[in-house]
Structure formats: structure tokens, C-alpha cells
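Fit chain B to the known structure of chain A by using the hints.
Just so you know, the protein sequences line up as chains A and B, in that order. If you count the first sequence from 1, you need to add 1 to reach this note's numbering. If you count the second sequence from 1, you need to add 2 to reach this note's numbering.
Hints may contain errors.
Straight line, CA to CA, 35 Å or less: simulated DSBU-like cross-link-like pairs of lysine-lysine [unchecked claim]:
id, chain 1, residue 1, chain 2, residue 2
1, A, K58, B, K396
2, B, K396, A, K123
3, B, K395, A, K19
4, A, K137, B, K425
5, B, K45, B, K6
6, B, K395, A, K224
7, B, K425, A, K111
8, B, K395, A, K111
9, B, K396, A, K109
10, A, K123, B, K420
11, A, K124, B, K425
12, B, K395, A, K15
13, A, K183, A, K193
14, A, K109, B, K80
15, A, K166, B, K395
16, A, K193, A, K126
17, A, K26, B, K396
18, B, K395, B, K292
19, B, K51, B, K35
20, B, K395, A, K191
21, A, K193, B, K396
I should point out that these hints are in silico values taken from the structure, not numbers from a laboratory.
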Amino acid sequence: MLHIKNLHAGVEEKEILKGIDLDVKPGEVHAIMGPNGSGKSTLASVIAGKEEFEISKGAITFEGEDISELDPEERAHKGLFLSFQYPVEIPGVSVTNFIKTAINENRKAKGEADMPAGEMLKKIKEKAELLDIDRKFLSRSLNEGFSGGEKKRNEIFQLAMLEPKLAILDETDSGLDIDALKVVANGVNKLKSKDNAVIVITHYQRLLDYIVPDFVHVLMNGKIVKSGTKELAKELEAKGYDWIKEELV
Amino acid sequence: MSLKDKLVSSYIAFEDHLEDDSPIHELRNEAIKVFETQGFPSKKEEAWKYTSLNALLKNNYSVFPKNERTIELKEVRKYFLHDIDTYKLVFVDGVYSSFLSDTTHDSLDVCLLSSALNKPKYKAVIENYFNKTAVKDSLTSLNTAFAKEGAYIHIPKHKEVEKPIEIINFSTGTEAAILLQPRNLIVVGENAHVQIIERHQSLNENQVLTNSVTEIFAEKRAFVDYYKIQNDAHTASLIDNTYVSQATQSHCRVHTFSFGGKLTRNNLNFYQNGERCDSTLNGITIIEGKQHVDHNTLVHHIAPNCESHQDYKGIFADSSTGVFNGKVYVEKEAQKLDAFQQNNNILVDDKATINSKPQLEIFADDVRCSHGCTIGQLDEDAMFYLQSRGIGKKESRALLMYAFANSVLESVKIPELKARINKLIANKIGVSLGFEL
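For reference, chain A alone in the conformation it holds in the complex:
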């Protein structure tokens, strides 16, 4: 599904990703871990198409198509979704209106008509229940005055509504207490199928107790230095990242 080969990317002269290789197949959950500043969020942004970053070498293919030159919205139309670490506040646009806009923009891109209002409402209701979101929340301005937990829950709500093929969750666990974490993880698990895939980017192993990865990759200084199974995450939690650094030397 997602195939990243020797990806080098950065901002202007500064190279942040220094040769990433990653293969994600349908039905898989990948975790990308690593210390602060290792390039985790940059990788997520580059896959999603943030303009600020320039790809200097390598390629990103999604379902067999090179997407590295596409705009972020075009990548979204193909089924990519990025859950943000710091979602943006949009005063005056409710959660409901925002998701309606997003869904219909995606449909428009595929040449489909707007989703009928009844169907939309039904879907919103269903997904809100899945994530334990109440109706009042849906009429609030997007992310404005939301707590950390509410912001993240809202990201997963959008994920649930948009039903992407590949979801990248960037530090979705940061700022969440254990109850909120469970709700979010539970939502992600319910949305998982053999046809879609998830990349979980996290600093801590905690989230991986709930969203269990098939593969764990350690990102350091812009490179994936070690890959393994979920046991690797546990080892990192216990021993930190230093032992890998030492191993590399």
C-alpha cells in the first residue's frame, strides 16, 4: 500500500530525513518510535505532503502511484489521513460543518455528488457514538477551546468519518489521560480492517498496549535504525533509546 524508498527530505538546506525505507501493507499496523527530534513528525508531514518540506531524493508510492509531487488534498483524496499532533483551531466552523465540508470535498474530487443530508447525519451519529462524543461537542467550533483530549478525539472522529486507506497517527497519545487514551485506541481498533493500515507515531510505548502493532521501527537522526515486533517497543520502554545508540556505534 505505502512504499517509501530511500527518502531524503528536509527544509531548505537542512536534511532531516536521511534515507527512509518503509513498506506498509493492507491490514498492518506499524509503529514508529524514536527520541525527540529524530524526524518522526517530519516523516508524517512529508508523507501527507506538507509543502514546507522538500524531497531531495527517493520516492513515496501509495497504491502503486508516486505521490511525492501531489498536493496534500490530492493525497487525502487517494485515501491518506494524518491525525495531527497539534490540530488547528477554526473559530466559527463547527465540528459537524467542518466534517461535512471535508467529506463533500473528497466526494467532489472523485466526481461524486454531495452526500445526502440524511446519510451524513446517520454517519455522524454512528461515528460519534463509537468515540463516545456527545451532540453538544459536534456543534462547537472546531478545536476552539478544546482540551488536549478533545482535540485528539476529534481527530479520530474525522478519521472515522473519512475512512481512509492509510491513517498516520502523529503523537495521538500526547496530552491524553488513560481513559481518553482507551477511547481513542478503541476507536482506532474498531475502524481497522484487512483493507486499511495504520502508522502510529509515538514517543512512548503506552499507546501500543492498546493499538497493538505488527511492526515497530525506531527512527533516529532521520533514519530507521532498527525494526522489530511489538517486543521491541517494550524493550525501548524499559531501557530507553541509549542502548540502540550504543549498538549503532
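Leaving out everything else, chain B in the frame of chain A:
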């Protein structure tokens, strides 16, 4: 003949029709002299540094529009609020239209300035208030000299006016260019509440220049909400001179929505004459092409324990230009003051310009005055966020601009009006957002 000369000589003919014993006849004579001496303001004056009237003054304006064109209600219905009941004062080319209006004398006066100026029963109010808070500068004086029609609103004390009052000035212009000078007098009695909506609307493509003067007096504990909808045709220009005089514990808010028009200059002046006054000056400007909008505000703090809040937001596309010149003047006696001023701008295109100039003159020593000004482009992280949800670039920009302007809308207390302005903003930003705003 220059427009100034034309106006000065027109006054002689105008004066012939005035009643000699009219209480304001002498005011008019003085006013035309001020205008004759000072003329139209030029860019040499500090307050007009970024706004030039030169191009506008070249038009050959009719000073006394000849033909009142009757307009059909269905033609102009869209300019009124129609989901709710309102009082209406409608003028067509400066002449009162009884057909389109809905006035009252039942426990409050919503009627014509022309009657108030001439009828004995209004004499006391006219003598106490007319031209009492207006600054005697050249443009206001020009209006005073010729003022004969406009809104006269008098709310007696303790009266809460349930229906908003709409003041609408249409221009139909059978002439190629017309000069309109509406004059509004609004007196809000002690503990009275009122909401007023004002708009100027040209119904064709002729050149229109409006030099409007509005005086608002808020007595003790009065509440005044005043909305200015500036969404005129691209051939219409407006110089709005509004003066708000506040007594103790009064609350006055003026909200200015500037989307249309060719050149718009808002001279908005607040005077806090009593203690514990609260003044709010809000504005959203969204312009494009070669449009020009200049907000020139003054809050004059005279008494202690008062507050003032200014929040002006602007979005400038193409080669449009904006000016924000906000002056806060604090007298020595105006202690324990809280004055806040904010002006945020987004320049959408390289050729757009904003000149933002806060001016604080503070002579009291125990006050809190803050001001902030930003000029920028749309936030790239926010754009990325929206695009990553599959929302196209154009719609993402529109959503962000809408969000940017939104904080000013929160203070609009009439839901129907708020919905209307929301729609105007969405149209102006040029996008259908796929949902009712």
C-alpha cells in the same frame, strides 16, 4: 468649476428656501463658512495621509438630485432584514420614501429629521442635541450646511425597543453622479435600549458620493448597538462621520462591516463623558480589486473608570488598500481606565496594502491601555491541516479567512443579522462552503 466652488455657490440657492427663524439656520451659515475656508481634506493632513479624495472630487455631482425614482419593494427587499419585524427609515436619493418605510411615534420616535427640524414639538431636542457632538471639521460642516433629511430617533427613558431600526439610503441616480448628505440624530434616553442597522445602497452603476453624519447620544445607563453594513456597489463611495456621546454607565457598540464600495472612509468618534462607560468599536473589512477602506477611530476618555474595546480585522486581496488609524486619547481625569485596541490584517496578494497606525495619547497615570497590530498571510500550518483533510486550496483559504473574521461576529446580537453577515462574508470570500454558515 471645482466641486468645492459648486457647493459654496449652491448653498446660496439652498439658503433661499430655508425658513429664517429655523433654529439651525445660523448653524448652517457658520458651517458653510468652515467648509469654504477649509475645503475638502487633502493628503497633506495627517489624518488623510493614506486616503485621497482627489479622484472622487473630479466627478460632476448633482448636489440636489432632481428626480425621485420610485422603486418597487421587490427590487430592494433583499437589502432589508425580512425574517424579523423592524422599524424602517428608507430614503431614495436623499428623499424619504414613506412607501418603503415603517416609522412610529408610539412611545418612541422613529421618524424624519426634516420633521424634527421644522415642528415645534421637537424644538427642545433639536436645540439640545443637534450638531452638539459633531466635530466642526470641513466634511461634517459641509453636511451640516446642507443637512435636511435623515433619521430622527428618540428613545425615551427606560424604553427597551424590541424591534431593530433599519436606516437605509438608496441611490438610484438618474443623474450621472450624485452627492448625498444624510444626517441622522439619535438620542437614547436614560436606561433605554436600542439596536440600529444602517446601510447605503446604490441600485445602479452611477457615481455616488455620500457624506453622512450621524450623532448618537447615549444618556445614563443607555445601551446602543449600531451596525453599519457597507456592501455598496463598486461605483459608490462613502465618507461616514459618526459621533457617539456617552453619559455615565452607558454602553455603546458600533460594528462596521466593510465589504463593498469604491472608497470608504469611516470617521468614528466616541466621547466618554461620564464614569463607567463602555465603548466597543468592531470592524471586519474584506475587500478586493481597487477598493479602499479607511477606519479612522477616536475614543476620547474624559471620565474615570471607563472601558473601551476596539477590534478591527481586515482581509485585503488584489491591489486593495486599507487604513486603520486608531486614536485613544486619555484625559488627566480619566483614571482607572481599561482601553484595548487590536488590528489584525491578512494580505492575500502581494499588491494589497494596509497602513495601520495606533495612536495613544495618555495624560492619566493609573490606566491600562494596550494595543496590538498584526499584518500577515494565512497560516501555513493551518492550510496544511485543512488540505490534509481533502479540502482544496481555495476552500481551505476561504475557511481560514472566515475563521479569522469570525471573532468580530460574536458581538452581533441579532441572529438574523449575524446569519446575513455570515453569508455576505462567504460570498465575499468567493466560495460555497457546502453548509449554511
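Here is how each hint holds up against the structure:
no.	hint	result
1	A:K58 x B:K396	holds, 30 Å
2	B:K396 x A:K123	holds, 29 Å
3	B:K395 x A:K19	holds, 30 Å
4	A:K137 x B:K425	holds, 24 Å
5	B:K45 x B:K6	holds, 16 Å
6	B:K395 x A:K224	holds, 32 Å
7	B:K425 x A:K111	holds, 27 Å
8	B:K395 x A:K111	holds, 16 Å
9	B:K396 x A:K109	holds, 14 Å
10	A:K123 x B:K420	holds, 29 Å
11	A:K124 x B:K425	holds, 27 Å
12	B:K395 x A:K15	holds, 27 Å
13	A:K183 x A:K193	holds, 15 Å
14	A:K109 x B:K80	holds, 31 Å
15	A:K166 x B:K395	holds, 22 Å
16	A:K193 x A:K126	holds, 19 Å
17	A:K26 x B:K396	holds, 33 Å
18	B:K395 x B:K292	holds, 24 Å
19	B:K51 x B:K35	holds, 24 Å
20	B:K395 x A:K191	holds, 32 Å
21	A:K193 x B:K396	holds, 32 Å
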